[in-house]
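Protein chains in written order, with the working numbering: chain A, 21 to 197; chain B, 433 to 643.
If you are wondering where the hints come from, they were derived from the structure by calculation, not from laboratory data. Worth double-checking, as some hints may not be accurate.
[Claimed, not checked] Here are the simulated lysine to any residue pairs, SDA-like style, with alpha carbons at most 20 angstroms apart:
1. B:Lys593 x B:Leu608
2. B:Lys593 x A:Phe114
3. B:Lys593 x A:Gly26
4. B:Lys593 x A:Leu173
5. B:Lys502 x B:Leu555
6. B:Lys593 x A:Ala168
7. B:Lys593 x A:Phe175
8. B:Lys593 x B:Val605
9. B:Lys480 x A:Leu182
10. B:Lys502 x B:Ser484
11. B:Lys593 x A:Val113
12. B:Lys593 x B:Phe518
13. B:Lys593 x A:Ile43
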Amino acid sequence: MKDGSGTLLTLAVFFATMSLFAIGGANSAVPEMHRYAVSVQHWLTDPEFSETFALAQLTPGPNLIIVTLIGYHVAGVIGGLVTTLAMCGPTCVFAYFVGRTSDRFKGAAWHSALSRGLVPVTLGLLASSATVIATTSDYSRLALVITAGTAILAFFMRVHPLWAFAAAAALGFAGMV
Amino acid sequence: MTSSAPIPAAADPQSAPSSLSPDPRPETASPPPSQPPSLDEIFFAFAKISLSGFGGVLAWARRMMVEERKWMTPEQFNEVYALCSFLPGGNIVNFSIIFGGRLRGPLGALASLAGLLGPPLILILIIGAIYAHYGDLPGLRRALMGVASAAAGLMMATVAKMARPLFRDRAVVGPLIACATFVAISIMHWPLPYVLLVIIPVSVTYAWRHG
Numbered sequence: 021m022k023d024g025s026g027t028l029l030t031l032a033v034f035f036a037t038m039s040l041f042a043i044g045g046a047n048s049a050v051p052e053m054h055r056y057a058v059s060v061q062h063w064l065t066d067p068e069f070s071e072t073f074a075l076a077q078l079t080p081g082p083n084l085i086i087v088t089l090i091g092y093h094v095a096g097v098i099g100g101l102v103t104t105l106a107m108c109g110p111t112c113v114f115a116y117f118v119g120r121t122s123d124r125f126k127g128a129a130w131h132s133a134l135s136r137g138l139v140p141v142t143l144g145l146l147a148s149s150a151t152v153i154a155t156t157s158d159y160s161r162l163a164l165v166i167t168a169g170t171a172i173l174a175f176f177m178r179v180h181p182l183w184a185f186a187a188a189a190a191l192g193f194a195g196m197v
Numbered sequence: 433m434t435s436s437a438p439i440p441a442a443a444d445p446q447s448a449p450s451s452l453s454p455d456p457r458p459e460t461a462s463p464p465p466s467q468p469p470s471l472d473e474i475f476f477a478f479a480k481i482s483l484s485g486f487g488g489v490l491a492w493a494r495r496m497m498v499e500e501r502k503w504m505t506p507e508q509f510n511e512v513y514a515l516c517s518f519l520p521g522g523n524i525v526n527f528s529i530i531f532g533g534r535l536r537g538p539l540g541a542l543a544s545l546a547g548l549l550g551p552p553l554i555l556i557l558i559i560g561a562i563y564a565h566y567g568d569l570p571g572l573r574r575a576l577m578g579v580a581s582a583a584a585g586l587m588m589a590t591v592a593k594m595a596r597p598l599f600r601d602r603a604v605v606g607p608l609i610a611c612a613t614f615v616a617i618s619i620m621h622w623p624l625p626y627v628l629l630v631i632i633p634v635s636v637t638y639a640w641r642h643g
């Protein structure tokens with residue numbers, strides 16, 4: 021909370037720009053948020069970033085609510101609101117007009133090429149997000165075991181996130197590995 | 433929440449469409465009512481969707497829109513979902529905007545957005561305030577570390593599931609693009625816009641040529 025309006029402007033510009041590149045949802049943009057908030061601006065430390073991510077995961081609602089928490093951490097309630105607006109404003113206006121006109125290009129060839137072309141990119145981004153969270157949370161053995169265990173369980177069976185989070189929180193709380 | 437609750441979509445985006453298995457009934461069997469829902473109905477429907485969904489809301493959106501309120505047919509839901517999956521920004525946020533906007537114009541879009549974002553916004557600000565006070569407690573930090581690690585694991589499982597068809601269909605280029613994106617972001621730490629402005633045209637052009 022250094023100088024108020026300058027920080028708010030920085031938050032707004034960064035999140036508004038980033039939102040336009042958040043393909044595949046807010047989770048794809050986690051590495052970019054980490055790069056900027058931790059490495060460039062030093063708003064948060066690595067552990068604070070992954071704790072913020074964890075809190076957002078524990079909150080019901082859209083995943084992009086993590087940006088509200090980052091904004092709140094940087095500049096209080098106003099920061100949270102500004103960040104959320106910046107994250108949603110431009111993309112919502114875009115989505116609104118696409119939604120109103122999308123019947124016109126339904127089934128167009130470029131439509132299908134675009135969605136198929138975006139799949140591998142989204143995949144690479146999500147893999148990066150998982151890596152960022154796994155490596156910033158902690159290098160402890162327990163953290164690695166929880167990450168690997170959840171990944172394997174969720175790959176082979178349906179795991180409700182809430183159960184996974186509850187079990188992991190209990191393990192983390194109890195374990196001093 | 434019962435054990436039959438669907439897995440929230442964002443934790444597992446790719447399996448969501450399959451878990452929302454196509455309704456066998458033809459579109460004409462459950463037409464949406466001719467009278468569009470009112471603004472406050474839209475607001476409360478999205479508030480309920482938002483508060484029901486942990487780690488992602490898409491499955492709950494389908495349950496509410498298609499099954500409970502019958503405001504959309506399964507086909508309409510799939511069409512809007514497909515549209516949202518490649519628009520930038522939060523998928524479910526875009527979904528709410530397109531849904532509200534098509535039914536009731538700008539005010540409809542605002543009503544659905546306010547319903548979707550309002551409750552979690554208030555919740556997360558309260559959580560943020562509590563965390564600011566008690567965030568240094570070692571027990572809390574360790575518990576959150578556990579949650580973050582589990583969330584990373586869930587994401588890895590999603591990535592592995594998404595990667596399977598990619599390796600089946602386009603043996604070389606798709607995985608190569610996924611790996612290049614990963615290296616650029618995770619290892620080189622290049623800014624997202626620059627990376628995407630190069631990699632998306634390459635990937636989409638390839639998909640276009642080899643459709």
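Results of checking the hints against the structure:
no., hint, in the structure
1, B:Lys593 x B:Leu608, "holds (17 angstroms)"
2, B:Lys593 x A:Phe114, "violated (30 angstroms)"
3, B:Lys593 x A:Gly26, "violated (43 angstroms)"
4, B:Lys593 x A:Leu173, "holds (12 angstroms)"
5, B:Lys502 x B:Leu555, "violated (29 angstroms)"
6, B:Lys593 x A:Ala168, "holds (15 angstroms)"
7, B:Lys593 x A:Phe175, "holds (7 angstroms)"
8, B:Lys593 x B:Val605, "holds (18 angstroms)"
9, B:Lys480 x A:Leu182, "holds (18 angstroms)"
10, B:Lys502 x B:Ser484, "holds (18 angstroms)"
11, B:Lys593 x A:Val113, "violated (32 angstroms)"
12, B:Lys593 x B:Phe518, "holds (19 angstroms)"
13, B:Lys593 x A:Ile43, "holds (18 angstroms)"
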